[in-house]
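Protein chains: 4
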Amino acid sequence: MNKGRVEAFTDAVVAIVLTIMVLEFDVPSEPTFAALAENASYLIAYLISFLFIGVAWYNHHYMLTLTKHITKRIYWLNNVWILTMSLLPVSTAWAGKFIDQPQPELFYFIIFLLWAIAYAVLSHAIAQANVDDHPKIAAKIQAMPAYRIHANVFFWMVAVIVVFLIIFVWPPLSMVFTVIELILMAIRTPADSDKIAE
Amino acid sequence: MNKGRVEAFTDAVVAIVLTIMVLEFDVPSEPTFAALAENASYLIAYLISFLFIGVAWYNHHYMLTLTKHITKRIYWLNNVWILTMSLLPVSTAWAGKFIDQPQPELFYFIIFLLWAIAYAVLSHAIAQANVDDHPKIAAKIQAMPAYRIHANVFFWMVAVIVVFLIIFVWPPLSMVFTVIELILMAIRTPADSDKIAE
Amino acid sequence: MNKGRVEAFTDAVVAIVLTIMVLEFDVPSEPTFAALAENASYLIAYLISFLFIGVAWYNHHYMLTLTKHITKRIYWLNNVWILTMSLLPVSTAWAGKFIDQPQPELFYFIIFLLWAIAYAVLSHAIAQANVDDHPKIAAKIQAMPAYRIHANVFFWMVAVIVVFLIIFVWPPLSMVFTVIELILMAIRTPADSDKIAE
Amino acid sequence: MNKGRVEAFTDAVVAIVLTIMVLEFDVPSEPTFAALAENASYLIAYLISFLFIGVAWYNHHYMLTLTKHITKRIYWLNNVWILTMSLLPVSTAWAGKFIDQPQPELFYFIIFLLWAIAYAVLSHAIAQANVDDHPKIAAKIQAMPAYRIHANVFFWMVAVIVVFLIIFVWPPLSMVFTVIELILMAIRTPADSDKIAE
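Chains as they are written, first to last, in our numbering: chain F, 22 to 219; chain C, 22 to 219; chain S, 22 to 219; chain Z, 22 to 219.
Every clue listed holds true.
A pair holds if it fits inside one copy or across any two, identical chains being indistinguishable in the list.
Only pairs whose alpha carbons sit at most 16 Å apart, straight line, appear in this in silico EDC-like list of lysine to aspartate or glutamate:
| hint | residue 1 | residue 2 |
| --- | --- | --- |
| 1 | Lys93 | Asp215 |
| 2 | Lys118 | Asp47 |
| 3 | Lys89 | Asp153 |
| 4 | Lys24 | Asp215 |
| 5 | Lys118 | Glu51 |
It should be emphasised that the hints constitute simulated quantities derived from the structure, not laboratory data.
For clarity, every value in this text was computed on a predicted model and none was experimentally measured.
Build out the structure end to end from the sequences listed, making use of the hints.
Pasting the structure below:
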């Protein structure tokens, strides 16, 4: 498939997902900072989801710059990945509104989990599509820290257990857990990730 | 016309149509999964429309990658196709809200029908624009399963009759019918559809 | 300036303007076509604005494909043109809601007028930017029917008088007038407008 | 990184930020210009933010056209810059609604300040990324008036003091101050800024 067009379509959706989260801020009906401050917990959720999308886009950009093939299979797995991300505005709005309640925080974590699974499956498919003709590219994608973490079933078992334990103790802790994972993913990127395609 | 710009404009509209459907999810005012679950029927409609757009984009991408000409005629038929798709958020929201009511389901089917007709007319125009200079490209477009189904008047007569019969028996059946058709269109694509323009 | 990026930015704004007009459709709170039909007058306004944007984009695409220069002056005039177009969702929503009232229809016409003036000034600046180095390109832009009509002060005087006379007789007549002008502009395009940049 | 994709993603976000500000216009519930006029103060804030984005995009476009490298560091600083801009619809809506109240106007100024700091840091990083291999490009970026103003701590100290003094005298004055600065930045651009990348 036309890689540029798949990238452009993905970018447009990601950009819109990012920006419609802004619509969830309530413009205060009073001209006071006290009224504005009612958005504080949503602001926290917004910042986390912004970081989320920044990390997601960076890793997606790396994989798509490398791949030589966009097969129909990759197209549909990319759509599934977009689908999980499209639910982010809903989970962010709910988790931001009820930042100290277990169920909204759990929902946010579930969407994150679905996204991570979709990402791992997509990465795997991109690596597979290149493994015969371009084994080096396949190896690079399989060596991505984001891929290695997400494809690690053990990691997810631990993550799910940890989140389930902490979310009922103090719900915002699950957000802290998510932020830590995102920061790790933002830092641990392939060494050539900002040199390709210059 | 500048093909890249027509593609980019189309992609932007399709991406926005897809993403504004997310705005129809109601962020629950209670921090419980029970409150979240009120979105369940809309989620079903959202997933179907997401599949719809994925199928539509895939086939559109194939035709536009192949065509050597974007005439003024194609531009306007492409706009009509975009227009029918732009009504999808409205029909999805209504059909999702009243998933067990015949009239909203019928409206969803009518928008789908208008879209399919617009798609068939657009495909036909693209094939015609290439038939003299690039007969092989015209033949490929005419051989697309999505085109062959949509240009088949008999298929639509049966579809309309079937939907009218089932929609008054149990309205969600029409959604099932739509999903089956979309999955068939997602599977039955031209053999070279994920190899072109790599 | 980087022409591709100015085009892409413009396209993104135009695509979003087009699509947010969809948000003005009210999803009926009843599952009946009678409830849906309350959107009928907005649908008319939506279709007219859709045609409006189709015509605008087509002519803009032609000028930008031709021009060899995007100067800072053109950039800002393009922004003014985008600004007038960004008010279209507001004027469409208001005119669609009160299709038989003179003031909303007049407002719609005023936004159309501002857009047309912005378009004429932009076209003029693009022609001027090319007149020294590429006189043929400048001549082509000046020969565009859309430019010739919009740069014609006499046309606008007549248009303003006609609209002011008819809008107080029967407000929807001004919409009919707008549609006629848009259809004329859609038909009367330069002969090479769908051949360039193939 | 793939410069074109970073530009396209940035453009998409900027275009959406610009356009969702249109959603804050209230479609009047009465068909009278008097009802429409209730949007007048928001229109002022909208026009200022539109100018803001036009200036921001122009300078961003110049820097990204020049740079030979998009490092991971630049990517994340660009995201921070996007983040500050994504809060513009909220600050515009609030400042537009309460144009004569100090706190909303102060909030608007604070977002502007955060954006300007993010811009200065981003410019600095882009200059640094090019300083070894392409010292001329680095010098050009450091010579940009927008960069020189924003990187000037003294300027910001004066700006903050002036705004704090005037905002409690007559709040809209801070908007006037912002407009003056934006117009200065729109006028004082590098001499080659509309010649590059033609």
